[in-house]
Structure formats: structure tokens, C-alpha cells
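Residue numbers (the UniProt record's numbering), protein chains in the order written: chain H, 1 to 782; chain D, 1 to 159; chain B, 1 to 271.
Calculated pairs, SDA-like style, for lysine to any residue (alpha carbon to alpha carbon, straight line, at most 25 angstroms):
hint, chain 1, residue 1, chain 2, residue 2
1, B, Lys-189, H, Glu-443
2, H, Lys-522, H, Tyr-602
3, H, Lys-524, H, Glu-505
4, H, Lys-522, H, Arg-562
5, D, Lys-118, B, Glu-192
6, D, Lys-3, B, Asp-15
7, D, Lys-155, H, His-716
8, H, Lys-412, H, Gly-166
9, D, Lys-3, B, Asp-49
10, H, Lys-304, H, Ala-174
11, B, Lys-189, H, Asp-654
12, D, Lys-118, H, Arg-24
13, D, Lys-3, B, Glu-9
By construction, these hints were calculated from the structure, which means they are not laboratory data.
The structure displayed is predicted, hence computed values, not measured ones.
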Amino acid sequence: MDTPPTAAGVGARVRRKEDERLLRGRGRFVGDIAMPGMLELAFVRSPVAHARIRGFEIPEEHRDAVFTWADMAAAGIRPIRAVSGLPGFKVSEQPALADGKVRFVGEPVAVCVAATRAEAEDIAAQIFVDVDELPVNTDMLEAVKPGAPKVHEHWADNVFLETNVGGSIADVAATAPIKVSRSIRTARQCMVPMEGKGVLAHWDRQAEQIVLTASTQLPHIVRAGLAECLGIEQGLVRVIAPDVGGGFGWKGLLQPEEVVAAWLAMKLDRPIRWTEDRREHLVAAANCREHHYEITAYADERGKLLGLEADAWVDAGSYSVYPFSACLEAAQVGSILPGPYDFQNYRCRTFSVATNKPPIVPYRGVARTGVCFAMEQMIDAVAEAVGREPWEVRAENLVPPEKMPFDNITKKHFDSGDYPESVRQAVAAIGLEGWRARQTQGEPDGRMIGVGFATYCEQAAHGTAVYHGWGIPMVPGHEQAQARVTPDGGLELRVGVQSHGQGMETTFAQVAHEVLGIPIAKIKLVHGDTGLTPYSTGTWGSRSMVMAGGAVATASRQIAERLRKIGAHLLQARVEDTVLRGGAVHAGAASVSIKEIAHTWYRAPQLLPADVDRGGLELTAGYKPKSDHGTFSYATHAVAVAVDPDLGTVEILDYVVVEDAGTMVNPMVVDGQICGGVAQGIGTALYERVPYDETGQPLSSTFADYLIPGFTEVPHVRIIHMVTPSPYTEFGVKGIGEGGAIAPPAALCNAINDALRPLGARVTSSPMTPDAILSAIAEAGR
Amino acid sequence: MTKTITLTINGRRVTAQVSPRTHLADFLREQQLLTGTHLGCEHGVCGACTLLIDGQPARSCITYAVACDGRAVTTVEGLDADPTAAELRDAFSAEHGLQCGFCTPGMLVAARDVVLRKPDADDRQIRVEMSGNLCRCTGYVGIVNAIRRVLDARKTNAG
Amino acid sequence: MKAALFDYERPDGLDGALALLSRDDLSVRPVAGSQSLGPMLNLRLVQPDLLVDVSRLPELTGIRRDGDHLVIGASVTHARLEDGDYPDVTGGALARVAAGIAYRPVRNRGTIGGSLAHADPAADWVSALTAMGASVVLAGPAGRRTVPMDGFILGVFETALQPGEVIAEVRVPAFSPAARWGYYKVCRKTGEFSHATGAVLLDPPRGVARAVIGAVSGPPLVIDDPAVFTDPARRDAVAADRLATSSIAGDPAAIRTHMVALARAIAQVNP
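Please model the complete structure; the sequences and the hints are all you need to start from.
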């Protein structure tokens, strides 16, 4: 590094630049933007889970305000196609409005246009969709059986993709002294960013582009997908993400509604706005997390893992979403189920199953939350079978620090860290001994104490090879950043990722400040606009700080070189005798500020050296970590709970996270990501589920039925950082955006089962609701 | 089917035509261009749309504009000069009590009410009093810390 | 999620409101704070032609002492009852119940009469006022009538209100100084609607020993039996017996949860 860390550079707990506008209600979200002549959309959505559409009854006076797929198809609009190159993948096509058949409740079947949303809803309420109902797949395990109704008629079965990882473990199975099996399930959920999805589409007559202002995490990818569907060149499409009110994955796809809005804006030559309301979200975006595992672990008498085998099903819903496809989640299960553990025998078969539910979208943690839930239950199951403390068995099976870097059974390259130490620190921090003593004593109110642990490692900032392997419409390569020194000595950064709460306007400024010394107040980040930023696959997979942050550092270093060259000339010094420090180029005792150098380039070019870089103080630089395997952050979560055996309720008494994010650019932001992730994980663990009835109707469509954790349901999470810089990235950073949401269901499940053990009861599925816990207790009592 | 209402919005007297079905948040956002009030659920649970009616926090998504005739409405934009809100803004930033910022206007209005109405609240009481506002980003820790910071500072200054 | 079109009137007095409410050419609904009705309107679950705003009617917004009763206007907000600026007769029970309703911003607008008229069995006032032995005064085209709470709630969203009638007042009998109040509701989240409610009032000087099991998908179950306060076996037997013929009869887990709620409410009055 050219400059020592400063109070605003890498590692500083800097207040966010974003805060001021957001705290004054002056943010700019899609729904805040109106344009002259703007029309609003309301979608007519399928009331049934599976049916043929016989026709529509549209009142004559609204004929001009209602559109169906027939109108779009006539205009040459193409369905959304998200194909995976993995062998055997079955292709689904998703028309933006249903084409003769509906496959889930909430699927858009027609769209109504009016001056206000309320009036558009008035029209929608008068549209009658005449349907012939078909048999329904509501359960993925039933959907794979012979004779199940087919979601896509031309397929041989309802499986998007089957994968097989590992080899035979028959030898281990025959000889292992310990064998434990479990059936484990996670529920279908909604991601619930507080801002729903939103889009405002208009035709920019001057630029001759369709401009989609959308709450998206991946503007460049949406641009590509939208151009494909509209059948136009990508140069005719611009996607802009304004302030985005949370994403978590839900805003990481091309949505049918976006295609409809863009098409109508072109067709009607009017700005078109759609904002997803909460009921639409809870019904049509019930799209994540639903896994089922049949899993067996083999171990020796001390609990050392000898092998693992599993069949895993993921309910992928009805269509393949763009760009991640219907198989990403299940296929990932196969490659990451072994978790952070070191063992030699593994077999996993996975199925991405098509059902009559909304298409699966990767949610924060993606497959890891389910995988961790399964694997960490197995560690506790092995520990129980050998009569040892689960944390001991866990620590002994984790990859030890002396083996780092380590290639695991599925060829994941763990970069660094001390996984067992995270367990030991979690044991100490939660105060396990104290809880064990309290368990022995018993609680005066009859509640039962339990302590649970869960450890994971998270591959973040995925590389090129793995995504090339998936063969989906998006492969991350080099990430780029643009840097421009402004004539007054400030800095503009342009990145293709998108910040929707992660604070990148601040943290990327910290990175540039670290290199250049320009005050972060004078550093402006431009992001989330295909017209203004370099191409990027966007913000997903805990990648932005590693990838785009690395690109910002790289661009800043190259800018520094150009500044030094001009500075050396102005100082009458040799370039190699100069340093850039504290926002100025120094040569001995003399110095010239970046501001003066910028002034020279822009306003006094007659003073420039003859050999100056003609690219000036503006450049684009690309970056990839030294390893293509991404980074591996890891953590152990420890939780103490009190379970009320009469009501089945769970109170979280303490929650500790011991984690290793490598170098933290802004520890305050890292803590915020972890706490937020834990809250979502608690939702997955204890509250969140979209139940379906036998006809495929979702039974939760408001926040009265679909519970997300509030202030009193989330504890004051305590965080302990272990800092092992990644050997492969700028500054040693690791991706951490998703990690918090991975371990809570596993840790809570283990804690609840620790509490219930005296009753002989056990839960293995999430959410662990009062009903689930009471029925487990009742089952044990039988 | 419109009605004429006259109300005070952020200290300004406003007369407007509203459809009775237009809720207060839509009226403020679409007709008054005050987009700081956000809509997160439109059925009264999430709290993103919380603002002040006659000084008391209220849900603007399930309160109809027509019912606010004669009332004084204060949105987050109207709290710029409010000293309690200023303390909270500073504390929210210092404690990282916001990420995406979508729930934040409602959070500030609710937090201001807690500071004024429950000056002796402990952390548990802060959480109970704030439980009508949902956040999906922060895990609430930063928000609780921010309110704690303001309450503590007020006690120190008073003592 | 926008409400269907409706019209709105805000008459100055109760008589004007009653005149509007008795129109039979329109579907008319009274509205006060709109905290229960608002979500249903936005979700288009109800689509009235006309809302009559009773929230500011002077006849409905007062709280007064009337002999051995506290008389609460139907349009009094939960927040006002929570804050306690009235001559309380319940030893703080009203404030305690009010403070547990939903969230403060909802309590600032939502009213006691609105909650009762909405008649969600899980609502706090439905169970609590039944246990307190309260009654409601209904005003209608034919004048006023008083209906005890035990008899006002007839089912899920179903009350004794006749067309054209509106709740005017709630009359709460004064507790004796010796009275003990117990209230326990089972919620997974703060402010959530109750899954099971126990509400009990033990007031020996007045001869009151009333236990109520609420949030049962129907009217609250009233048990007037002093023995349930002293004899856990009898408490469970009586509760199980009543629940077995209630609307949740087929759901053993729910029955058990309601029995626990009752037991815990009773535990609060039996130190």
C-alpha cells in the first residue's frame, strides 16, 4: 500500500454517505418517481395453481386498457428463457403473461393500464379469466413420482435437472460404527424486502432507448435479458437502478412484469409504472428456500465423519428464472453440502423439481441456509450417537488451520482461517458451561434451556469457472471500475454492481481513499446504471466488495500512477522519487496536491509533461482475485434458547456470532450485514413459511399470516471477529453479505433439540413453529 | 366522487380535492409530492408509512386522506428542524441504524415517539415500543442502539 | 392494493350519523380509526358504498364516570385508554389491555368501539371486556339499547348490531379494591393477533369469579365458576369441556394452547 491506513480508509468505522438523504426522506426509490403522462399497471393474476386458460371476459369499455400474451406475441415479444448448460437440463419458457396455461397462483395473465394504480385495479377486478383447472403439484416429493401431473407437458417428468456428485460410499456404509439418518425440510418463503419490486419504463426519444428504471440488483443482466425478450439490440435498452429498498435476491432477476412494462412503454409511447404491492409479493414471490433432504452420516466411535450421503430435492417452482435458472440452488446443494468439514467419502444426488408454485429465486445464502440446516443437524446427531458435546465433534471434524488452503471433497478451495477456533470462541462467548448448569437445575417457570451451534463456510465472489460450468446466461469474469479525477480534485467512481443497503457509496470511497488519500466526502460513487457504468453481473453472491471493491482499488492505483507522473513533472522530480500520500504527490519535502494536478490536466495542459498518459485522469480498470475460487468467509453461530413446552414457543436468550470476514473495509457495515442476516435467518428458523393447500393456494397473503421477525423477535446479536485476510484479494477482504442468514436455522434447531432432549422430542424441519414443537413433543410422548 | 379537504402538511395549509378511497400516504406521495413516506404493506403492519397526525404517530396507509380534514400532518420531510429527530438522525447514522433506508422514515417517526413518550425506556421497552415497525436489513440492533444513544444523551444533558 | 371506490361523510352529530347509517339504498358502514376496516378496504375484502366517519362525534368521544360504571365513548382510542387520563375503575386493567393491542401508531387511531364492532374473536377488547362484565350501548334508529358483552359477540366478525345501529358507549363496571385481573394472550410476535387468550376477573366482594377463554373462532367462552380459580384439575376439566364444543373442537393443539392461556391468566390472580 502506498499510504498508511487513515481514519477513513480500509478498516475505518466510517459513517455512511448514504445516510443523510435516506434519513430525511429524500431518497429516490422507483415508486417516488413520476413522469408526465405516466400510466400505472395492475396485473390480473392467476387465481388457480394449474389450469388451461379458455379465454378472458373483458368489459367492452376497457378493451383498450387490457393486454394479454396474444398482444405481446403478436408484437414479437419472446418468453423468458433461462437455460442451463448442465447436461439433462429441461428448458421452460415463461411468457411475461401466461400463454394459454397458468402454472402457479399469482402468475400474471393480463395487464391493465390506467392513470392511477387504483383505477388499474378497478379494471383488473372486472376481468374474468375462464379456466379449465388441471391437477396440481404442491409437493416436490409427490411431483417426482410417476403419474404426477406435469407442469410442462412436453417434459418426460417434473425434474428440471438431476445431478450426481461424488462416488459410491458403500464401503464406509458397510463398516462405519456410527450411522445416523434424518429427514430434513425447509419451508417455502418470501424474501420480503421492505420495498417491493418496482419498475418505471419509458422511451427516451433523444437517446432512442427504452429506459427501465427498476429496483434491481443486476441492471446489466436485466438489460441483456430484456433485450432478448423484446427482440431488440442491447444498445436500445438502458436499465437504471435508483435507490433500492432491499433486495436479498428478489431483485436479482428479470421479471415478467418488467418485460410487460417495457413493451407497453414502447407500444403506448407513455411512461409505464408498476410497483409490486405486498400481497403480490407474498403470493407471486413465494419463491425460495424449499429443500428436502434424506441424509445419512457415517462416523467412527469418537464422531469423526467417515462419509455422508444424501438425496436432496429443491422445489424449483414452475419456471426457470433469468439469469440464475431453476437448477442453480439444487445443483449447489450437491457441491456445498459437505460444508466446512474434512471427510473423504461423499455421495449426493439432487433434483430440481418443477411444481405449481412460483419459480425459485436464490435468496440470501442461496442453497447454504438449507445445506447448513441439514449438515449441522447431522453433526449434532453424530455427537448424540457417540455421547459427546456437539461442539467438540464439530471442532474435530472441521478443516484444521494447518491444512489451509484446503481443497475439500467437492474441490472447493478454502482459502484461509481457523475454523475450529471459531467454535471454541463461540463456546466461550455463549458461556456453555453456565447454560449446562442451568439446564441441570431446571427453570422456575418450567421452560427448557437449550444451546445450539452451527458452523458454515461461504464461498463468495464466485469465479468464472464455476459459472461457466453452470452454463447459465451470466458468467462473472473480470470486474471493472471506472475512476475519474474531477477538475477540482475529487473522484468519481463508476461500478456496474448496485448498492441497495450495503453502503457501497461509502465503502468503495474508503477503498479509493485508502489508495489516493482523497477525502471520502469528495468521492462520488455512480452505480446501478447501464448507461453510466461498466458491465457487471451485479450485486449477488456476496461479491461486490471483493470484485468491484478490488476493481476500485486497481483503478485507483492506476490513477495514482498517472497523478505521480504529472506530479513529478510539476515538482521537477523523477517519478520513482515520488510518493502519493495524503492526497498529494510528494518528492522529498516538496509536494503538489491532487487538486493542483487535476487543475493542471484540465485547465493548464500546457504545463503537462511530454510523455503524459494521454488517457488523462480517467480510466477503466479490471480486476479478478488471484484465485478463481472466490473467497471463503466462515462463522460459528451459538444460541441459547428457552423453549416453553406447554406452548411450543422459543425465546432466544443469547446469540453469538464468531466470524471471519477477512479484512473488514468498514466494520460497522460488516456488523450490520451480519445482524441483518441473522434476523432473516431467525425468520427462516422460527416464523416464515408460505403454506399451500392441496389445490396450490398459498394460505398467507398478508403480514398477518406471513410473519417476519420484528424488534422483539430478534436478539441483540453479539459479534466476535476473527480476521484472517484472504491471500487472494485486495486488502484480504472476503465476501460477507449473505453469511449472517446461513447459520441461524441450524443453530436454533440444534438449540431447540438440545432443550427438548429430556422429552425425547426432536424437530428437523423449519420453521420450528409452536405447532411443530408441540407436535414433536406429542409424538415423543406417544 | 371527490371531497375537498383542508389540512396542515408540514406546517403549510393545504386545500385539496381527494377521492375518499385515497389513503393518506398516496395523497401525500402522489398529490403533494412528499415521497419520504413509504409504502411497505398497505395493510397497517409494517410501519414504513408511519407519520404524525396531530403530533401522534399513525399509519398513513390505512388512514384515508379525507378523514384528515382539519388535521395537522407531519411527514419525515417536516422533521428537518425538529430537535428530537435531529438527534435521532445523528444517532441512526452513528449506530448504523439504517441500510437500504426504505423503512427509515417510519422508524424515525416511531423512534421519536419513544424518545418523547418513554424517556426511561430500557432496551427491552424500546424493542416493544418499536415493534410496529419492520426492518428487513438491519436486524434492529443498530436502531435500538441509536434510540439508546439518544435517551442516554438526554439523561446526561438533563442531569 | 388500493380500495375500491367509496363515498365518505362525516356528520357533526350522532343523529346525523344514524340517519346516514339507516339508508337502505346503499351499503353503508361506520368507520372510526379505520385500523381494522382500512386493511380490509385496501385488500378489497369489503367494498361499501359509503363510509360514515364517527370518529369525531362528540357523543362518542368522551370518557366519564356514571355511578359504579366507567362509560367509554365508542370512538375513544386505545392509546387514550393506555395512557390512563380518565377516572379508571379497573385498577389499571383497561390500560394494560390497551397497551397490548397491536402497536402504538395503530392504538393512536384505533378505537374501542371499532374493535368491538369488527368482532375479530382474537381482538383484545372482545375477550377482556367480556371478562370485565362490560356491556355496550347501541344507538340506532329505534333508540338506544344496552347489550352485555356476553351476548354482543355472536361469532367471527358477527355481533348483535342491527342494521343502522352503531356502538355508542362501552360501560365497564367498577372493580372493587380487592379485585384481581389476569390476562394472558399467546402471540408469536409482539402486537400480533392472539392465538389464544385467557382473561379472568376475580372480585370476591362483588361476587365475581369470571374466566374467559378467547380467540376461539367464535364468541369468547365464559366460565362463571369460582372453583376454576382454586382447583387446577377442575379448571382444566371445565375448560376442556367448553372447548370440546367450541369452534376449535377438532384441533387438539389449539385446545391445549387455550387451556394454557387460561391457566396462566389465572396464575396471575393467584399469587
